[in-house]
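Engineer: Take a look at the letters that make up each chain.
2 protein chains.
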Amino acid sequence: MADINTAPAPDDNSLEGLYGLTDAVIHDVQEAVDSGDADAVGWIVGSLHPADVADLIECLPSAQRDKLESLLGGDLDPQVFAYLDASLRDDLIDDLEPSKLAAVAAGLESDDAVDLIETLDAGDKQAVLDSMPAGDRVMVEQALSYPEDSAGRLMRREYVAIPAFWTVGETIDHMRSDADLPETFYGIFAVGPDHKPSGVIMANRLLRSQRTVPVADILASGFKQIPATMDQEDVAFLFRQYDLAEAAVVDASGRLVGVITVDDVVDVIQEEHDEDILKLGGVATDDLYEAVAATTRSRLSWLLVNLATAVVASLVIGLFQEQIETVVALAVLMPIVASMGGNAGTQTLTVAVRALAVKELTARNALYIIGKEVVVGGVNGMIFAVLTGAIAYFWFGDILIGLVIGLAMIINMFVAGLAGILVPIGLDRANIDPAVASSVILTTITDVVGFFCFLGLAALVLL
Amino acid sequence: MADINTAPAPDDNSLEGLYGLTDAVIHDVQEAVDSGDADAVGWIVGSLHPADVADLIECLPSAQRDKLESLLGGDLDPQVFAYLDASLRDDLIDDLEPSKLAAVAAGLESDDAVDLIETLDAGDKQAVLDSMPAGDRVMVEQALSYPEDSAGRLMRREYVAIPAFWTVGETIDHMRSDADLPETFYGIFAVGPDHKPSGVIMANRLLRSQRTVPVADILASGFKQIPATMDQEDVAFLFRQYDLAEAAVVDASGRLVGVITVDDVVDVIQEEHDEDILKLGGVATDDLYEAVAATTRSRLSWLLVNLATAVVASLVIGLFQEQIETVVALAVLMPIVASMGGNAGTQTLTVAVRALAVKELTARNALYIIGKEVVVGGVNGMIFAVLTGAIAYFWFGDILIGLVIGLAMIINMFVAGLAGILVPIGLDRANIDPAVASSVILTTITDVVGFFCFLGLAALVLL
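Residue numbers (the numbering used here), protein chains in the order written: chain H, 1 to 463; chain Y, 1 to 463.
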């Protein structure tokens, strides 16, 4: 450890020394790759944590990435595959023989192996499974029999279970003698003769208990048994809600089949959040590492939907061409009404989508929240009615234009508040992910209502 | 355990039996609250996990919530405060005497106590600290001396440390005899005489090792020492990157001062993500449980910024009033150009903001990503140029209008791609959170460029 008096003070706000993939390391790898020095590349990569190797592969330009892979040959730690971004991993897997891929899968824990194999197409999947050792293959096949994104896919099949009637001493002796324990675990499951779990003993609790104590006396409180078919979002909710480190997964008949640990749940939480953010922004999947063509294609469909809604808004404007020709100020001012409605609605919608995701917005408080958003929308509508009315009046010197835009603003921001909360709740009730479709429906509503109210009121009042 | 043959099959997709706060429980509490039955309320609330009690308080209408609190009197488990939504917790705390609040803080682990006390204003904070037992007070004061959102605020000060020269047997004997161990821990830290940590021994590793083995031989690999001043976002990054369950926190001279566990990091990840989603939607803080007035106020400032940018866009339109008067189709079509640019830019921006947050977008690959986004924007621009050009031509029967809108579309979607990536990167470089300001800057750019290109080209070509 560095002496505080002689060593330079560490920069406490940097990850220096904690995050393995420093600029210096990347620079060294790039030099070694460019000079084709396979030994140097292997040496540096071998010294890194698999998660850092994954980051290294992700951050290299694609030409250097290919060269790195060919220099490493087959010498990539299987763990690296568990950490790689999905689109890059798929590229890498495509280049591998089934037998090679089976070896990679065999080098992973069962949950990571399932994660790797589940994305393959049917033919490749079978080829890889056929090349795996029988024990591993059965494990992976069983996991694949559970639905996608379920607890059964997420769980690890390596866990420690002991008969529920043992003592602390018997348990410790068993653990000292059994070499085939998983690398890391936090708890030991007590099971009955039917392999149904009766509870979990945390390792630290075992350590501090006398050898004669029956494990049944030191079971952790609040033991959770998660059905293997439960959706991973619900699993993540339970882990967050009860600060779980580990939970037992049981099959339909209540038998222990695996264990989910909190580090896997952290990945799920990250994944679900990324999805929510991307969907709200109109992006189907994280395409940072995708090629140009794939990215263009994946974003196109969303833009097509938006074109359709933009044309609908234009059709509404088209109804009032005569009025715009007479009072051109209407064309100048109309985007303000639509834009303010869209922004106010998006605020409400964002709060609602997040609250639905974390189960804070429920049938119970929905009415109260809807009422609140409508009032907030109405009040903000009145404030901005006065502001925009004044701007329009001073700009075009016409009190009626000020009045019309003010009235339209109140109506549109009221509607925006209502739609901002009702659209996500409605989609959620219809089992459609509110993060995907809420935004486009909302802005269509606020555009149409905004243009129609403003131009329609103008037609009534001004002309 | 239910017998599979007689008990109804569990609904595997529900949280029934796993999430304590069922509809039935809420219904019972509401009945007990309405009838003023303090015993029944206390009995039900006492049977719930503190996290569920927090959810219960959150989901009740505010009148029932107040009545529940008065029925419970002071009998609320201190742990509930650790789980409550911040705005509701602040309301509850405001009603408590400093001495009562000090008792609550004393009933919490040190990190939760800090979390509770750090939000108080200076006077209340001092009053609470003065009422706390000296030992707890010093702990909290030390934690408060670290910056907000730092590892020092996040860490728990209760941990297990042993001399680095001990054996497994000595460690187990110590743990069996020391009653003052924390409730839960996963690892035991080996420290030198200067209290600088040399590594961590996972509890499960200790359990499976023979008593004579020195702990120095079974230290976990990849031991991480986190400086107490490190930002919690970086802490979360390290936990995710290396699948940590627990990490040591050290002060400026490298001495062990606390431990961060993964359940706290899960909360940080959740918090940071919520912030990102809300900021992208133009909401400063989660205001679901805030009162109407506070919500209206907090959203107002963002809407004011949007009004300013909407007026700027209108000023651009105002430059071309003459052209709009002559060709009113321009007013009908112009929102399409602006809207498509805004949506395409938002897609890019969302991917960029997320990639910056998870450190996937760095100085190293920025140029490549910028180039890619510009190409994607350009290609999509050309596709939509053809589409909108055709729509405009068939609608208004004028090939020149089709040409003008097509050209404007290409320019605006190219600019949208460029701005969608450059704005977040630029803000990040300037140490401004890209999630907050990116969106408004981007849509201002796409509105101004969209209107200016379309109307300006029309002025050149059509008139």
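Keep in mind the hints are simulated off the structure, nothing from the lab. A couple of the hints might just be wrong.
Any copy, or any two copies together, can satisfy a pair, since identical chains are not distinguished.
Stated by the list, open to error - Cut-off 20 Å, straight-line C-alpha distance, at most; resulting in silico cross-link-like pairs (EDC-like, lysine to aspartate or glutamate):
no.	residue 1	residue 2
1	K359	E272
2	K359	D180
3	K196	D23
4	K196	D66
5	K224	D52
6	K125	D231
7	K359	D94
8	K224	E170
9	K224	D39
10	K359	D274
11	K359	E16
12	K100	D37
13	K224	D95
14	K67	D124
15	K359	E290
16	K359	E275
17	K196	E148
18	K125	D94
19	K359	D217
Engineer: It remains to establish, for every hint, whether it holds in the given structure.
Structural biologist: Against the structure, the hints:
1. Taking CA atoms no more than 20 Å apart as the test, K359 paired with E272 passes in both settings, with 14 Å inside one copy and 18 Å between copies.
2. In the homo-oligomer, the alpha carbons of K359 and D180 never lie at most 20 Å apart, since the shortest distance is 40 Å inside one protomer and 37 Å across protomers.
3. Taking the closest pair of Cα atoms, K196 and D23 never come within 20 Å of each other, the shortest separation being 51 Å inside a single copy and 28 Å across copies.
4. Taking the shortest Cα distances, K196 and D66 never come within 20 Å of each other, neither inside one copy (49 Å) nor across copies (43 Å).
5. Taking the shortest Cα distances, K224 and D52 sit within 20 Å of each other only across copies (15 Å), while inside one copy they are farther apart (33 Å).
6. Taking the shortest Cα distances, K125 and D231 never come within 20 Å of each other, neither inside one copy (23 Å) nor across copies (43 Å).
7. For the homomeric pair K359 and D94, neither the shortest alpha-carbon distance inside one copy (39 Å) nor that between copies (26 Å) is at most 20 Å.
8. Taking CA atoms no more than 20 Å apart as the test, K224 paired with E170 passes in neither setting, with 25 Å inside one copy and 33 Å between copies.
9. For a Cα distance limit of 20 Å, the shortest separation of K224 from D39 qualifies neither inside one copy, at 49 Å, nor across copies, at 28 Å.
10. For a Cα distance limit of 20 Å, the shortest separation of K359 from D274 qualifies both inside one copy, at 18 Å, and across copies, at 13 Å.
11. Only between protomers do K359 and E16 lie at most 20 Å apart by alpha-carbon distance; the minimum there is 14 Å, versus 38 Å within a single protomer.
12. In this assembly of identical chains, K100 and D37 lie within 20 Å of each other by CA distance neither inside one copy nor across copies; the values are 24 Å within and 68 Å between.
13. In this assembly of identical chains, K224 and D95 lie within 20 Å of each other by CA distance neither inside one copy nor across copies; the values are 42 Å within and 35 Å between.
14. With identical chains, the CA atoms of K67 and D124 are never at most 20 Å apart, being 25 Å at best within one copy and 62 Å at best between copies.
15. In this homomeric assembly, K359 and E290 come within 20 Å of each other (Cα to Cα) only across copies, at 17 Å, whereas the closest approach inside a single copy is 33 Å.
16. With identical chains, the CA atoms of K359 and E275 are at most 20 Å apart both within one copy (17 Å) and between copies (17 Å).
17. Taking the closest pair of Cα atoms, K196 and E148 never come within 20 Å of each other, the shortest separation being 24 Å inside a single copy and 46 Å across copies.
18. For the homomeric pair K125 and D94, the shortest alpha-carbon distance inside one copy (12 Å) is at most 20 Å, but the shortest distance between copies (60 Å) is not.
19. For a Cα distance limit of 20 Å, the shortest separation of K359 from D217 qualifies neither inside one copy, at 35 Å, nor across copies, at 46 Å.
Of the numbered hints listed earlier, those contradicted by the structure are 2, 3, 4, 6, 7, 8, 9, 12, 13, 14, 17, 19.
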